[in-house]
Amino acid sequence: MFCQECKNKKATVHLTKIINNNKKEFHLCQQCASEKGELEFAFEPKFSIHHFFSGLLDVDGLEAPVGVPAPTTKIQCDNCGLTYAQFSQIGRLGCSKCYGFFGERLNSLLKRIHGSAHHTGKVPHRSGSKIRVKKEIKDMRAELQQKIAQEEFEEAAKIRDKIKELENEVKGGEKKNE
Amino acid sequence: MNEGNFQMTRLSKWMEGAGPNSEIVLSSRIRLARNLKEIPFPYLASDDQREKIYSLVKGLVENNKETFENYEFYNLTELSQLDRQLCMEKHIISPQLVKDSNNSFMLLREDEAVNIMINEEDHIRIQCLYPGLQLENAWELADSLDDLLEERLDYAFDEELGYLTACPTNVGTGVRASLMMHLPGLVINKQINRILSALSQVGLIVRGLYGEGTEVVGNIVQISNQITLGQKEKEIIRNIHVVARQLIEQEEAARQALLNEGRERVADRAGRALGILSNARIIGSQEAMQLISDLRLGMDLGLIELDRKVLNQLLVVIRPAYLQKIQEKELDSYERDVCRATLIREMLEGKTH
Ligand SMILES: [Zn+2]
Ligand SMILES: [Zn+2]
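In order, the protein sequence lines correspond to chains A and B.
Each residue of the first sequence is one higher than the last, beginning at 1 in my numbering.
Each residue of the second sequence is one higher than the last, beginning at 1 in my numbering.
Worth flagging that the hints you see were computed from the coordinates, not collected in a lab.
Glycine residues also receive a C-beta, built at the ideal position from the N, C-alpha and C atoms.
Watch out, some of these pointers could steer you wrong.
To give an idea of the interface, some chain B residues facing chain A are shown, with a C-beta separation under 10 Å as derived from the structure [claimed, not checked]:
1. 143
2. 156
3. 162
4. 167
5. 333
Modelling step: build the complete structure from the supplied sequences, incorporating the hints.
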């Protein structure tokens, strides 16, 4: 196949772009592709990832993923105004609040992309100290179970006391949220 | 702010060619995506909002003069298209910033190993780029810079979903870890496709040097994590590290097999590459990349004496923006091929024995 741009060199770059729901294919040589800016020294896996997940999105935002009730009203972010339908087309959220407004629908997408919708990594140091303590408690509970299973009761008691301490710490700073 | 004297033709740290396993791993990169609460993501933000994010980071940098002693802000809007493209060829910025750089800034460390991008796809992206296999070091540096920024900035963070990002593929840790690897042995013994497709089944993204949909050029592949949510940063890094170890082992075995089968053949291949590169008058980038790979293999196997730094530099200097930058004018494809050949000849002169 020849490059559709210069019709001279062999096409080695094959791209599929989805523009307004229309699938368009491009076959270019390295040179033309790089001149058109399609062929970048891309460290960022932009193309693959956007394609990957635009395939997962419900195109018009109305057809709900399995298990999610169809919306009766338009889903829209109050903060930035982006609708779920727009998000489906762009593939980007508008602001951090969108995550809350798009709720379950977005969560099920995240599960399909990542296999999980539950963050286990880093928590911000300054603003996330309470969250960090909660995570610590969770980890310690797991440890506690393990110690009990191993019949190391002395160790288990120590851990239990620590958990209590941490729990009081969280309650102290928080106006009963749970 | 430094706009006028933009020294983009200098060496980046990753090109030094040092670092663990640098005969196979060219570079290690960690990128963290971070956003501020409530302000729309850059593509939806107003000019004022974009400006505000810049001034917040700027204030923070001014309050931490010691840490940021060797850093400089660049306003990407004020750089020429060519300079932006050059930054991309050096892996300092993403292709996105070349095209859309409205009120986008970068805070670049002198050795170009650290770049904090402002108003890219996300409000803030911290990138650490090291030579060789050093993902953990890169992560530790990015992590500490992240802590420093967070002391003053209110990040968009959700207890369940982690760091919130413009693209749902980055949410959670916001971490993208990437390795650039040179795998000529696995290309020659035709194992590469089998191995790479296996990697994509374990949640890694594998691409050729030029990104998705392109052939593997110059026997260089990029490997990065696909999943950012549900795994700890260290797990993500460890996974890639484990895979990299296996790839290194297989590549080393393939190289050893090549030597066992015929040392002269490998030496011949490298020698021919050197011959062409030292004498060609017109050369396309793809051919050059392949020959540089042959040369690198010969060097790694001790068949040809060469400076690794020169070969790493060659990977960048043969790219279009770099060529045009040193010529200080636009070049068509023929002119670039001529200029590329000249530059390669000059760089190899006196560097081989
Ligand atoms: Zn073409
Ligand atoms: Zn929003």
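Status of each hint after checking the structure:
At its closest, the beta carbon of residue 143 of chain B sits 7 Å from a beta carbon of chain A; the interface hint therefore holds under the 10 Å criterion. The closest approach between the C-beta of residue 156 of chain B and any C-beta of chain A is roughly 3 Å, which is under the 10 Å cut-off, so the hint is satisfied. A distance limit of 10 Å between C-beta atoms decides the matter here; for residue 162 of chain B the minimum to chain A is near 3 Å, and the interface restraint holds. The beta carbon of residue 167 of chain B is positioned within 10 Å of a beta carbon in chain A (closest approach about 6 Å), and the interface hint is therefore held.
Checking residue 333 of chain B against chain A: minimum C-beta separation of about 6 Å stays under 10 Å; hint holds.
The structure is consistent with each of the numbered hints, conforming to all of them.
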